[in-house]
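K.L.:
Please work from the sequences and hints to get the whole structure.
Protein chains in written order, with UniProt numbering: chain A, 1 to 108; chain B, 1 to 245.
Derived from the structure by calculation, the hints contain no laboratory data.
It is possible that part of the hints are untrue.
[Claimed, not checked] Straight-line Cα separation of at most 30 Å, DSS-like style, residue types lysine-lysine; simulated pairs:
1) A:21 to B:205
2) B:11 to B:80
3) A:95 to B:13
4) B:92 to B:11
5) B:190 to A:95
6) A:21 to B:177
7) B:176 to B:118
8) B:205 to A:25
9) A:101 to B:176
10) B:176 to B:111
11) B:190 to B:147
12) A:99 to B:36
13) A:95 to B:61
14) B:176 to B:13
15) A:101 to B:205
16) B:176 to A:25
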Amino acid sequence: MLTFGKLTYSQDKGAPFSPMKHIFKIISLLAAISAFWVGLLQASIIPRTHTWLLPIYLVVSLGCYGLLMVGVGLMQFPTCPQEAVLLQQDIAEAKGFLKDKGVDVGSD
Amino acid sequence: MAEGEWRNLGKNKYSIIVPTYNERLNIALIVYLIFKHLRGVDFEIIVVDDGSPDGTQDIVKQLQQVYGEDRVLLRARPRKLGLGTAYIHGLKHASGNFVVIMDADLSHHPKYLPSFIKKQLETGASIVTGTRYVKGGGVHGWNLMRKLTSRGANVLAQTFLWPGVSDLTGSFRLYKKSALEDIITSVVSKGYVFQMEMIVRASRKGYRIEEVPITFVDRVFGTSKLGGSEIVEYLKGLVYLLVTT
Chain A
1 MLTFGKLTYS QDKGAPFSPM KHIFKIISLL AAISAFWVGL LQASIIPRTH TWLLPIYLVV
61 SLGCYGLLMV GVGLMQFPTC PQEAVLLQQD IAEAKGFLKD KGVDVGSD
Chain B
1 MAEGEWRNLG KNKYSIIVPT YNERLNIALI VYLIFKHLRG VDFEIIVVDD GSPDGTQDIV
61 KQLQQVYGED RVLLRARPRK LGLGTAYIHG LKHASGNFVV IMDADLSHHP KYLPSFIKKQ
121 LETGASIVTG TRYVKGGGVH GWNLMRKLTS RGANVLAQTF LWPGVSDLTG SFRLYKKSAL
181 EDIITSVVSK GYVFQMEMIV RASRKGYRIE EVPITFVDRV FGTSKLGGSE IVEYLKGLVY
241 LLVTT
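P.N.:
Here it is, written out as C-alpha cells:
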C-alpha cells in the first residue's frame with residue numbers, strides 16, 4: 001500500500017525525480033491510521049469507549065518512545081577520552097616534523 | 001592499512017576540500033596528518049581560506065614548499081562567504097573523481113580517511129559519511145547539555161525524516177564528485193542545517209550512502225555552539241526538509 005523508499009528512482013538519468021514530498025508520506029500514513037481507526041469505530045469490534053481513547057494512547061506512546069530513545073541514546077552516548085590523548089601525541093609529532101621543514105608552527 | 005587492500009584504487013584521485021578561517025596552526029597539522037595517513041593514494045588538498053587575518057594563507061604557502069603546489073592547493077576567497085559556497089568554490093578546482101569534505105579544526109582526524117576510501121571501494125557507494133553514534137565512533141569534550149540536544153535533534157530527525165543514516169549533522173564525508181556536484185546545487189540551508197540537508201537530499205535522490213565510525217574530539221571547550229537560536233534554526237530546517245524533500 002504505502003511503498004516508500006528508493007523504488008522509483010533512477011540515479012543515472014540526470015536529475016532523479018522525487019515521487020512524493022516527505023510530508024505527504026507522513027500525512028498519508030496518518031490518514032491510513034485514521035481510516036483504520038474510523039473503521040474500528042464503525043465495526044464496534046471492541047467497545048466504543050476504548051476505541052475513542054486509542055488516538056490518545058498512540059500519541060502518549062509515541063512521546064514515551066521519543067523520550068526513551070533520547071534517554072537510551074544519552075546513556076549509551078559513545079565517548080572517546082583516549083582519542084584526545086592520542087590527538088595531543090599526533091599534534092606534537094606533526095609540530096616536530098613541520099618545524100624541521102621550516103614551517104612556522106611556533107606561534108599560536 | 002595493508003598494501004594489498006589498496007589494489008582497487010586504480011586511477012582514483014581524491015580531492016580533500018578543507019575550508020579555513022583563522023586556522024594557521026591547525027591547517028599545518030592536518031596537512032601533515034593527511035600525508036601521513038594517505039601514503040600510496042593519489043590525492044590533493046584544496047584549502048579554501050576566507051581571508052583569514054591570522055596568516056593562514058602564509059602557512060599554506062609554506063606547506064606548498066614542503067609538499068608541492070600540486071598536492072596542496074590554496075584557493076582563497078576575499079572574505080567570509082559561508083560554508084556551502086566554500087565547498088562549491090573548492091569543487092570548481094578539484095581534479096579528483098572523489099571529493100572529501102572535512103573540518104580544519106582537527107575535530108575530524110585524517111586517520112579515518114583510509115576507512116572512508118576502503119568503504120567506498122568495497123561498496124561502490126556514492127557517499128561515505130562519518131558517524132559518531134555507532135560502535136567504534138564517539139565524541140569527546142561535550143557536556144551533558146550538548147549531548148542531550150544532540151540526541152534530541154537526532155531522534156526528531158530520525159522520526160520525521162527517515163534519512164537512513166545515523167549521524168545527520170556530521171560533516172566528515174567522502175563523495176563521488178558527480179554526486180556532490182549534483183546535490184550541492186539544490187541545497188539552500190546555511191550553518192548547522194546545511195550538512196543535514198545535503199545528506200537528506202542525497203538519500204531522497206537515491207544515492208547509495210554508507211557509514212564509517214569516526215571519533216570527534218571537540219577541543220574548543222566551553223563554547224557550546226548550540227544555544228536557543230540554533231535550536232530554533234534546527235527546527236525550522238527540519239520543517240523545511242519535511243515539505244521540500
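K.L.:
Against this structure, judge whether each hint is valid.
P.N.:
Against the structure, the hints:
1. A:21 to B:205: OK: residue 21 (chain A) and residue 205 (chain B) at ~12 Å, within 30 Å.
2. B:11 to B:80: With a Cα-Cα distance of about 35 Å, the restraint between residue 11 (chain B) and residue 80 (chain B) is violated, given a limit of 30 Å.
3. A:95 to B:13: holds, 27 Å
4. B:92 to B:11: Answer holds: residue 92 (chain B) to residue 11 (chain B) is near 20 Å, not above 30 Å.
5. B:190 to A:95: violated, 34 Å
6. A:21 to B:177: This hinted pair holds, its Cα atoms lying about 26 Å apart.
7. B:176 to B:118: holds, 14 Å
8. B:205 to A:25: holds, 16 Å
9. A:101 to B:176: Outside the cut-off at roughly 34 Å; violated.
10. B:176 to B:111: holds, 20 Å
11. B:190 to B:147: Cα-Cα ~22 Å, so holds.
12. A:99 to B:36: holds, 16 Å
13. A:95 to B:61: holds, 17 Å
14. B:176 to B:13: holds, 10 Å
15. A:101 to B:205: violated, 46 Å
16. B:176 to A:25: The given pair, whose Cα atoms are some 29 Å apart, holds under the 30 Å limit.
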